[in-house]
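Asker: Given chain H, work out where chains A and X should sit, using these hints.
Chains as they are written, first to last, in the working numbering: chain H, 16 to 364; chain A, 16 to 364; chain X, 16 to 364.
Careful: at least some of the hints might be erroneous.
If chains are identical, the list can't say which one is meant, so a pair holds when it fits in one copy or spans any two.
Pairs of lysine-lysine, PhoX-like flavour, derived with a Cα cap of 25 Å [what the hints assert, rightly or not]:
(1) Lys308 to Lys328
(2) Lys41 to Lys345
(3) Lys41 to Lys209
(4) Lys328 to Lys41
(5) Lys209 to Lys183
Think of the hints as simulated: they come from the structure by calculation, not from any bench.
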Amino acid sequence: MITRTLSELAAELGGEVVGDGTVVLKGVAGIREAQPGDVTVLANARYEPQLAETRASAVICAETPRHCRVPQLRVANPYLAFTRAVRVFRPDLYRPVPGIHPSAVISRTARVGAAVSIGPNVVIEDEAVVGDRAIVMASVYVGERAVVGEDCWLYPHVTLREECTLGKGCILHSGVVVGADGFGYALDEGRYHKIPQVGNVVIGDNVEVGANTTIDRATTGSTRVGDGTKIDNLVQIGHNVVIGRHCIIVAQTGIAGSTELEDYVTLAGQVGVNGHIRIGTHATVAAQSGVVKSVPPNAVVMGYPAMIHQAFKRLQGYVQRLPQLFQRTKDLETRVGQLERDRVREEVR
Amino acid sequence: MITRTLSELAAELGGEVVGDGTVVLKGVAGIREAQPGDVTVLANARYEPQLAETRASAVICAETPRHCRVPQLRVANPYLAFTRAVRVFRPDLYRPVPGIHPSAVISRTARVGAAVSIGPNVVIEDEAVVGDRAIVMASVYVGERAVVGEDCWLYPHVTLREECTLGKGCILHSGVVVGADGFGYALDEGRYHKIPQVGNVVIGDNVEVGANTTIDRATTGSTRVGDGTKIDNLVQIGHNVVIGRHCIIVAQTGIAGSTELEDYVTLAGQVGVNGHIRIGTHATVAAQSGVVKSVPPNAVVMGYPAMIHQAFKRLQGYVQRLPQLFQRTKDLETRVGQLERDRVREEVR
Amino acid sequence: MITRTLSELAAELGGEVVGDGTVVLKGVAGIREAQPGDVTVLANARYEPQLAETRASAVICAETPRHCRVPQLRVANPYLAFTRAVRVFRPDLYRPVPGIHPSAVISRTARVGAAVSIGPNVVIEDEAVVGDRAIVMASVYVGERAVVGEDCWLYPHVTLREECTLGKGCILHSGVVVGADGFGYALDEGRYHKIPQVGNVVIGDNVEVGANTTIDRATTGSTRVGDGTKIDNLVQIGHNVVIGRHCIIVAQTGIAGSTELEDYVTLAGQVGVNGHIRIGTHATVAAQSGVVKSVPPNAVVMGYPAMIHQAFKRLQGYVQRLPQLFQRTKDLETRVGQLERDRVREEVR
Chain H
16 MITRTLSELA AELGGEVVGD GTVVLKGVAG IREAQPGDVT VLANARYEPQ LAETRASAVI
76 CAETPRHCRV PQLRVANPYL AFTRAVRVFR PDLYRPVPGI HPSAVISRTA RVGAAVSIGP
136 NVVIEDEAVV GDRAIVMASV YVGERAVVGE DCWLYPHVTL REECTLGKGC ILHSGVVVGA
196 DGFGYALDEG RYHKIPQVGN VVIGDNVEVG ANTTIDRATT GSTRVGDGTK IDNLVQIGHN
256 VVIGRHCIIV AQTGIAGSTE LEDYVTLAGQ VGVNGHIRIG THATVAAQSG VVKSVPPNAV
316 VMGYPAMIHQ AFKRLQGYVQ RLPQLFQRTK DLETRVGQLE RDRVREEVR
Chain A
16 MITRTLSELA AELGGEVVGD GTVVLKGVAG IREAQPGDVT VLANARYEPQ LAETRASAVI
76 CAETPRHCRV PQLRVANPYL AFTRAVRVFR PDLYRPVPGI HPSAVISRTA RVGAAVSIGP
136 NVVIEDEAVV GDRAIVMASV YVGERAVVGE DCWLYPHVTL REECTLGKGC ILHSGVVVGA
196 DGFGYALDEG RYHKIPQVGN VVIGDNVEVG ANTTIDRATT GSTRVGDGTK IDNLVQIGHN
256 VVIGRHCIIV AQTGIAGSTE LEDYVTLAGQ VGVNGHIRIG THATVAAQSG VVKSVPPNAV
316 VMGYPAMIHQ AFKRLQGYVQ RLPQLFQRTK DLETRVGQLE RDRVREEVR
Chain X
16 MITRTLSELA AELGGEVVGD GTVVLKGVAG IREAQPGDVT VLANARYEPQ LAETRASAVI
76 CAETPRHCRV PQLRVANPYL AFTRAVRVFR PDLYRPVPGI HPSAVISRTA RVGAAVSIGP
136 NVVIEDEAVV GDRAIVMASV YVGERAVVGE DCWLYPHVTL REECTLGKGC ILHSGVVVGA
196 DGFGYALDEG RYHKIPQVGN VVIGDNVEVG ANTTIDRATT GSTRVGDGTK IDNLVQIGHN
256 VVIGRHCIIV AQTGIAGSTE LEDYVTLAGQ VGVNGHIRIG THATVAAQSG VVKSVPPNAV
316 VMGYPAMIHQ AFKRLQGYVQ RLPQLFQRTK DLETRVGQLE RDRVREEVR
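With the rest of the complex left out, here is chain H (with noise of 0.2 Å):
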């Protein structure tokens, strides 16, 4: 088993130790789930009330937290060293081995590099490309004129469709669909005729894509993905959508067709965002919302149709208190109606 002292550990992550430096570590976790001898990490101030109660050994953190009993790894960026410290103490993460295996089927016009790993049952059609050191799975399927660019790693029962390509160290999880038709109709005597989709997926480098995510192809032209963005699971990326550099998109949000996300946009979970729309760079798009119009740069927007939050918390706290206005209305009808009754009363006397 692998254990290090914090101070140790300290010496390979960097940082600054504070309290007990000899105390052993043989594992990292979560705050809730520690153990004595695990190291966990504090990077949001919202869970350090849990610090309290944390079996933990000690805490990776960016400044001593409240409530902390236990030795401190004091770093610039907690949640970074976490990482790193995952990698020190789990060197061994399941990683298949090069080679391809015999039930394969690969074309004989297809690229395949070196050092790569391809799995059972996997199929690569005619003039597709596997970069080097690519790790593909059982059963993906990587289709005609395809590219998975150097140190890919595609999980089991990926589908890469025809003449789609994958920048480098690209990671696209089980059930994975790349360049599926797009959904264009033309509508004709009551008849919906198929718009060929001619186009095709370009992926950029880094980029990772959940479980069971689906990117159409473009019905000409492309649609893009920008390097660095991370894609959640059962996230739906429509025809001609343009996504830019280090977004995040979280799971079972969904991007109608033609929109276009500048680079470091956010979407929370099961977001819609509608077709032939803007999303300025940095801006964030709230859980569930709604987002029918374009969204200028850095704006934080939420609920639907979606709008600034705080414009939407304000409107929410007006709802909650409807109950006291429609009271105090009532109120003032009745008020109103003595005063009339009295006026009346003056006007006959």
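Answerer: Chains A and X alone, transformed into the frame defined by chain H:
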């Protein structure tokens, strides 16, 4: 063809015959689909009116329904009795025969139990375990050290990633992905760095998971699903989520990371649940709700942000009456204006 | 490379040339993506402004658009003409060649038609039927007694469960699951008992189903999808749902059990439809709506709970004006208070 008189069926299922027990039954069907010779079920008073038009020859119910002209089998739990009736008339339900297809790729170090059925193109990796009588259908992937419990049934194209475990009698439908990496990154200098997801997924006994549902592995520790819980299609369960026993999670619902569901929680369709919160035992969340904070036991919540359903419906009622409220305010302004003008007239008198 | 002058294209597609018919075209593209040599399409006046900047060499449209400086091909149905234009310039669209891959596992009792294309690792079970000219791509699973109609196209990793049937000319995209068990349980003594799902799924002719969409088999009888209906990605269709002909169901929509859609219904993205209700012919449901009760024919509904869209927008307008309403009420309270004080002063006079 299998036939039973209503009296014979009563003898097999228990319950009391009301009306002609000699009527001959040869199948089961819903109230609307039923044909003469079918027995149907009334489990919910809401569908009682449909009974007037049903062509069924008999109905399983708890009490004699209004406008019911067909013989009845009265039982304590109609739905349960119907479930048994299906098995009486359809003992032939599809079930793969035991045996291992020659195209299956099974590691020499995997442990495969007795009387299993392993279909074509199945892949079972090193040190994986498949329990006795398990059914593993075509193109299923079972990762390294993963465990499929006794009497489990995995439908075609299931992915069970390394080190994830299923209890006994679980059913995983096609396209289910258990153990894909959780969605976690550390942002550093404008780049998202992947947090290795070194935990696993632990699923209890008699859990059913619907088609294309995704259950992510934990960052560290385990994502858990308790015994008897039933999950519908296209559901997303985030890393380190802990789901109790006998929960019902309806289609397209998403549960964010580290949230806990206690036992007997019901989440209706398209619900979104925030991360790091707790849903109390026997709580119910209505369809499309967004749950942002913890929910107490036995609560019924709905809306966004989710609130106790009476409060939600009350607010909805007020919102519906906003047009009248605006009109009432306008009238008040007119009346008060008149009173003020009269007042001024007096002053000058 | 294939080229056409605009006049030649007009001769093939029909329609009238406005402007220079000698311009040479070599491809098709969207208004924004188009390059010189491309013909584009204006099917929606909303995108007319984009025409001012397009680099396309010609545009297919219904009437001469404003600020349009490029030659036009005027037709009655621009989108339909564009669809045909795509086929003119891209006759080479990817299509697997007929033949049966040696790795396919096909039951001796299955019936496979003429000129089919069956890819690697396909599994076709006992008594299944694959019609003439059908394309069944890699790793598709066709269950016992399932039927794939003539000219169907099943993309990699489709699952068609036992006894489910597809009409002629259907397209099923990767990851589609047809015939997984419906979600039904009988609760007894704190345990959920599975209701056997002994029905099937019956899909009509020319239906297209998007990637990773799930269509559950009926408890008894059939879940049905009518001729010409088009379903997008990640849609959930519950057991015993009946969908009419020529419906459009956009991505991530969910339809609960036993609900009926009449013909020509449109459900936009992320819609949720309650169980056991009816959506009338030509009705439209806006994105993210929650439909809790039946919708009459030709209605356009939106919101949660879904209401006629004019009513929804009117209520939205009132909600937006709540801040002013609260202020107006506050002012009224002040003015009425003043009137009351004056009144008291008079009395004492």
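Asker: Now look at each hint and say whether the structure bears it out.
Answerer: We went through each hint and held it up to the structure:
1. With identical chains, the CA atoms of Lys308 and Lys328 are at most 25 Å apart both within one copy (19 Å) and between copies (16 Å).
2. In this homomeric assembly, Lys41 and Lys345 never come within 25 Å of each other (Cα to Cα): the closest approach is 68 Å inside a single copy and 64 Å across copies.
3. In this assembly of identical chains, the alpha carbons of Lys41 and Lys209 lie at most 25 Å apart only when taken from different copies (21 Å versus 58 Å within one copy).
4. Taking CA atoms no more than 25 Å apart as the test, Lys328 paired with Lys41 passes in neither setting, with 45 Å inside one copy and 53 Å between copies.
5. In this assembly of identical chains, the alpha carbons of Lys209 and Lys183 lie at most 25 Å apart only when taken from different copies (15 Å versus 33 Å within one copy).
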